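Asks: For reference, the chains in residue letters:
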Amino acid sequence: MAKLTLADLRKMREEKQQAMEMRDASNKDVQVIVGMGTCGIAAGAKDTFTALVNAINEKGLTNVLIRQTGCMGLCHSEPTVEVVVPGMPTVIYGNVDAATAKSLVEKHIVGHQLIDDKILDRPSIDIIKNA
Amino acid sequence: MAYESYVLVCGGTACCSSGGTTVVETFKKELEAAGLKDKVQVVVTGCLGFCEQGPIVKILPQGTFYVQVKPEDVKEIVAEHLVKGRVVQRLCYDPEQAKKLVAEANIPFYQKQYRIVLRNCGIIDPEKIEDYIARDGYKAIEKVLFEMTPEQVVEEILKSGLRGRGGAGFPTGMKWKFAQQQPKGQKYMVCNADEGDPGAYMDRSTLEGDPHSILEAMTIAGYAIGASKGFIYIRAEYPLAIERLQIAIKQAHELGLLGEDILGSGFSFDIELRFGAGAFVCGEETALLQSIEGNRGMPKPRPPFPAVKGLWGRPTVINNVETLANIPVIINKGADWFNKIGTATTKGTKVFALTGKVNNSGLIEVPMGTTLREIIFDIGGGIRGGHQFKAAQTGGPSGGIIPPQFLDTPIDYESLAKIGSIMGSGGLIVMDETDCVVDVARFYLDFTVDESCGKCAPCRIGGRKLLNYLKKITDGRGTEQDIKDMQAICDAMNKASLCGLGQTASNPVRSTLRYFMDEYMEHIKDKKCRAGKCTKLIQYKIDPAKCKGCTLCARKCPANAITGTVKQPHVIDPAKCIKCGQCELNCKFGAISHG
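As you go down the protein sequences, you meet chains A and B in turn. Take the first sequence: its letter number 128 is residue 128 in my numbering, and every next letter is one higher. Converting from the second sequence to my numbering requires adding 131 to each position, the first position being numbered 1.
Note that these hints are calculated values from the structure, not bench results. Note that the structure is predicted; figures quoted are calculated from it, not measured. Be careful, since some hints might not be right.
Unchecked claim - Result set (BS3-like, lysine-lysine): computed pairs, CA atoms no more than 30 Å apart in a straight line:
1) B/Lys603 x A/Lys11
2) B/Lys603 x B/Lys698
3) B/Lys381 x A/Lys3
4) B/Lys464 x B/Lys274
5) B/Lys677 x B/Lys707
6) B/Lys315 x B/Lys431
7) B/Lys206 x A/Lys107
8) B/Lys687 x B/Lys707
9) B/Lys586 x B/Lys615
10) A/Lys28 x A/Lys16
11) A/Lys11 x B/Lys381
12) B/Lys170 x A/Lys59
13) B/Lys160 x B/Lys215
14) A/Lys11 x B/Lys308
15) B/Lys159 x A/Lys102
16) B/Lys259 x A/Lys59
17) B/Lys719 x B/Lys672
18) A/Lys11 x B/Lys464
19) B/Lys440 x B/Lys360
20) B/Lys259 x A/Lys16
21) B/Lys596 x B/Lys586
22) A/Lys107 x B/Lys672
23) A/Lys3 x B/Lys360
24) B/Lys168 x A/Lys59
25) B/Lys160 x A/Lys107
26) B/Lys360 x B/Lys215
27) A/Lys46 x A/Lys11
28) B/Lys259 x B/Lys381
29) A/Lys28 x B/Lys270
30) B/Lys626 x B/Lys308
31) B/Lys274 x A/Lys3
So that you can see chain A by itself, here it is in the shape it has in the complex (with noise of 0.2 Å):
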């Protein structure tokens, strides 16, 4: 890439924050974002993120991001992921492992349903002042 101009920059944030509220990077309106700081990872979040990755890919899924993120905050309930679905609440489910990454994909993204005993209902994005 080459090195950016103040003009450059400003640009670059104007289009990426456009695409952050449109949450839509290529034609990817569903969101799963996968909490990978070293709680995360330590509870198996890369476990949880590959078993996210194959389920989507099982069913063909196009119009899915799977992103990574740092750490949410929740420690006691990692690994912690977030799904963003047009049309349905945000929400964080804890204590996600490979069997729960899968009904997720199912249940949650393809189903349109919300998985009992798992949500967190915490999102840090709407509910925690930001600064």
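Position chain B against the provided structure of chain A, taking the given hints into account.
Replies: Frame of chain A; chain B shown alone:
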């Protein structure tokens, strides 16, 4: 089949015991009766963290929050809210307030957290610079390089009231000012990421979740003090944080946000990583600088302060990770915004790694001035397993133990110092009645004795002596004179040690002596440990009235300490007993107890 609404019912232990399970069943029944079975899904969630108002019901997507919902209320919620779309005001949170609150955003419980440092953690992909840029990343660097002079930057940080989050709380702006005032020439900016307190992981999580914020902050600091070179001193035990920092540095280089002539401003700044080998003392700034230079990590007397004579004898500013994470936000939003958050003497927020006997262990960020009670009981969800709160430990091995009577103290640097602890880097360990404070003090002393660099006598010898006394007491050989000797050693270490490690190493002992003298005395006089942690003080006994003489305990005892004949009460020989507890565990008649 897609649902239109969702009814979330809290399935936490507290809510279930207050009738949550019946509420779920009733919801399912009523929804079916109303013909909404395929439109509304009923979901049982993990604890919503608002136990005293349970059972909790939340309706999504509106986010309406109902509290103390009884099975007989369910019909009304279904008929009014889910069928007609009208909120049932009667059950909405906070009946006392005239203006009923609807959205959860208005509930004080959730407002107790305030994220400045952790603003991007758990939200952005830390390996994508674009994600950071989209959330106002590198905006502060624009402002600083093109709109502000170095003097104005320092002035802004001074005005914000930001103080070092590494533990001591020295005003960050002052440090910057000292370094700025030094004659021009090579200066250095160092980030202290040598987080070593047991139980603390705020810096690791910040670096893993938002590495670019640290790079941006260091560049700002470099511009302010006139440094062209920065070092991040990070522990080698943080491989993921290191990997993400390396990725971040590479990306920033590619985009010209680090390196020569940043954004065409003419200012150049570069950052290198330096790995620590895990010595606790290297978190002390002068020892850290020694370690970067390739010497053995040992502290030096101050003055000269690093801001005057630091790395390779040049002016150097050292800031902790959390301190730096605040900088871009302060620049973007202004000092006046920042210094309205917090208490009179301590501005901003603090990140705590909440661990120990608490339900929701995790990483939290609260405004300064939040009380321990709010942190432990509201955010942390209370003590695990229904136990009693006994004490909280802040500041790691340099900190103190805070007893229950100070739960309502608003936390800032001064208030914690007053009650014999320190803010420290932000580890917060919660203890219940099964923890022995003498044993905890011994644990921390064990750590600091291990980690003492040995340069000065008060720390090297004093620490060892203190640890020996503590071992003696937990072994049941302590005397009252020991307590007096310990107090004298604590004072000497505090006054005469060379660096912060030795000066504060006695804090766990001092604070436990101050607040839990009765427990020390129990160990010394009654040879008793009420928490049952000090194994040498535990005595196992067989109640002859309950013992049936089944011989199971005698067979299970690995030390052959139990004797007796079949169908006759058995006895334990305390001299042979190794206190493993196997006998008590295996006794089918509850005849064996310890105390």
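Asks: If a hint holds in the structure, say so; if it does not, say that too.
Replies: Going down the list of hints, with the structure as the test:
no. : hint                : in the structure
1   : B/Lys603 x A/Lys11  : violated (67 Å)
2   : B/Lys603 x B/Lys698 : violated (40 Å)
3   : B/Lys381 x A/Lys3   : holds (12 Å)
4   : B/Lys464 x B/Lys274 : holds (11 Å)
5   : B/Lys677 x B/Lys707 : holds (22 Å)
6   : B/Lys315 x B/Lys431 : holds (25 Å)
7   : B/Lys206 x A/Lys107 : holds (28 Å)
8   : B/Lys687 x B/Lys707 : holds (14 Å)
9   : B/Lys586 x B/Lys615 : holds (26 Å)
10  : A/Lys28 x A/Lys16   : holds (15 Å)
11  : A/Lys11 x B/Lys381  : holds (21 Å)
12  : B/Lys170 x A/Lys59  : holds (24 Å)
13  : B/Lys160 x B/Lys215 : holds (18 Å)
14  : A/Lys11 x B/Lys308  : violated (34 Å)
15  : B/Lys159 x A/Lys102 : holds (26 Å)
16  : B/Lys259 x A/Lys59  : holds (27 Å)
17  : B/Lys719 x B/Lys672 : holds (15 Å)
18  : A/Lys11 x B/Lys464  : holds (21 Å)
19  : B/Lys440 x B/Lys360 : holds (15 Å)
20  : B/Lys259 x A/Lys16  : holds (11 Å)
21  : B/Lys596 x B/Lys586 : holds (16 Å)
22  : A/Lys107 x B/Lys672 : violated (55 Å)
23  : A/Lys3 x B/Lys360   : holds (20 Å)
24  : B/Lys168 x A/Lys59  : holds (27 Å)
25  : B/Lys160 x A/Lys107 : holds (22 Å)
26  : B/Lys360 x B/Lys215 : violated (64 Å)
27  : A/Lys46 x A/Lys11   : violated (34 Å)
28  : B/Lys259 x B/Lys381 : holds (11 Å)
29  : A/Lys28 x B/Lys270  : holds (28 Å)
30  : B/Lys626 x B/Lys308 : holds (29 Å)
31  : B/Lys274 x A/Lys3   : holds (18 Å)
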